[in-house]
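If you read the protein sequences in the order shown, they are chains A and B.
If you want the working numbering, it's the position in the first sequence, counting the first as 1, plus 43.
If you want the working numbering, it's the position in the second sequence, counting the first as 1, plus 4.
Any given hint might turn out to be false.
Claimed, not checked - Label-pair restraints from in silico Cβ distances: (1) B:L78 / A:P149: 54 to 64 Å; (2) B:L78 / A:Q80: 48 to 58 Å; (3) B:M5 / A:L213: 45 to 55 Å; (4) B:V13 / A:L68: 50 to 60 Å; (5) B:I6 / A:L61: 24 to 34 Å; (6) B:G79 / A:G121: 17 to 27 Å; (7) A:F53 / B:I6: 44 to 54 Å; (8) B:L78 / A:G230: 30 to 40 Å.
The hints are simulated quantities; they were obtained by calculation from the structure and are not laboratory data.
Everything numeric in this text was worked out from a predicted model, so none of it was measured.
Glycine residues also receive a C-beta, built at the ideal position from the N, C-alpha and C atoms.
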Amino acid sequence: MMRNVTTLLFLGGLGFMLLVITGTLDFGAPPMRIGTQIQQATPGDVGTANIVTAVVLGYRGLDTLGELSILFAAATAGGLVLGSAAARARPDGGFILRAGADLMFPLLLVAGLYIVMHGHLTPGGGFQGGVILAAAFFLPLLARPRTAPGHRWLMWIEGLSGATFIVIGLLALYRGEAFLTPLLDRGTLGELVSGGTLPLLYLAVGLKVGAELAGLLMRLAQDDEVAS
Amino acid sequence: MIWLALIVVTLTLGAALAVLLLDNLLAATAAASVVSLGVAVMFVLLHAPDVAMTEAVVGAGLSGLILALALRRLGLARLDVGTTGGRDDA
Chain A
44 MMRNVTTLLF LGGLGFMLLV ITGTLDFGAP PMRIGTQIQQ ATPGDVGTAN IVTAVVLGYR
104 GLDTLGELSI LFAAATAGGL VLGSAAARAR PDGGFILRAG ADLMFPLLLV AGLYIVMHGH
164 LTPGGGFQGG VILAAAFFLP LLARPRTAPG HRWLMWIEGL SGATFIVIGL LALYRGEAFL
224 TPLLDRGTLG ELVSGGTLPL LYLAVGLKVG AELAGLLMRL AQDDEVAS
Chain B
5 MIWLALIVVT LTLGAALAVL LLDNLLAATA AASVVSLGVA VMFVLLHAPD VAMTEAVVGA
65 GLSGLILALA LRRLGLARLD VGTTGGRDDA
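Same shape as in the complex, but just chain A (with noise of 0.2 Å):
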């Protein structure tokens, strides 16, 4: 009874606040005008056809640097919960499974990897490339548990990629810019080979994104005692 109260209680405060700022916002005016601004300036600045990107890596490169940190530390935390117990011999995904698996992961891979290569024109970019190429590599291993792949590469990927991001990012302070500026040749706008650093930098959040992904799917998938 007194929980449903004070639940009440939360539940009418929230609206009520809600209502307060909702009443108080002029609706379709918005307070800032970045947004006008960057996309005039990006063609010329950064050189991306995907704005979005341009925003993400180029002008708020730091945040993006945060996140990576941010989903890092999740993965480790959640392989440290789970553990790295021995795979116990699961039955095998049968035969639909396995015929499934093989169609899916060349396509999943092309998949995953035009999304982060193409990160800096098309919509996409190195976190939802990932995603894909985690799901691409975690698939045959649901179909096949026997045949588990060591977790050592994937690790070597993973610290690999995250490191070239952030020697990317150093490499602009060298140059005596601010940390993590577009640097190289901007080119042609729309083009495959454009863009400066940003598609090595997408490239290497894709990577590291994936490999991350997939060791926390591999660690999960491979269950000890718990299940049985």
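We have chain A; now place chain B onto it with these hints.
Okay, now just chain B, sitting in the frame of chain A:
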């Protein structure tokens, strides 16, 4: 356009209700993925393809996968609810 949005919103809300009402946890996980998929379609309709891609990949794909694997690990993943007895977690 508005009709498509209405259909998607109805589907999303129905799936969200199904998450709350379903007894089978595996089915509730699938319904949660459908909610994310509907939200992703709404993002596409609102001209935000980047966010839509993230929502589809992470919300509909990865989180559903992680929830399902966690259910399997906890021994709660069952395809049929009504039957009693053996904990068959394959």
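Hint check results:
1. B:L78 / A:P149: 54 to 64 Å: violated, 33 Å
2. B:L78 / A:Q80: 48 to 58 Å: Given about 50 Å between the Cβ atoms, the range holds.
3. B:M5 / A:L213: 45 to 55 Å: holds, 48 Å
4. B:V13 / A:L68: 50 to 60 Å: violated, 23 Å
5. B:I6 / A:L61: 24 to 34 Å: holds, 25 Å
6. B:G79 / A:G121: 17 to 27 Å: holds, 19 Å
7. A:F53 / B:I6: 44 to 54 Å: violated, 35 Å
8. B:L78 / A:G230: 30 to 40 Å: violated, 51 Å
When the structure is compared with the earlier hints, violations turn up for hints 1, 4, 7 and 8 and for no others.
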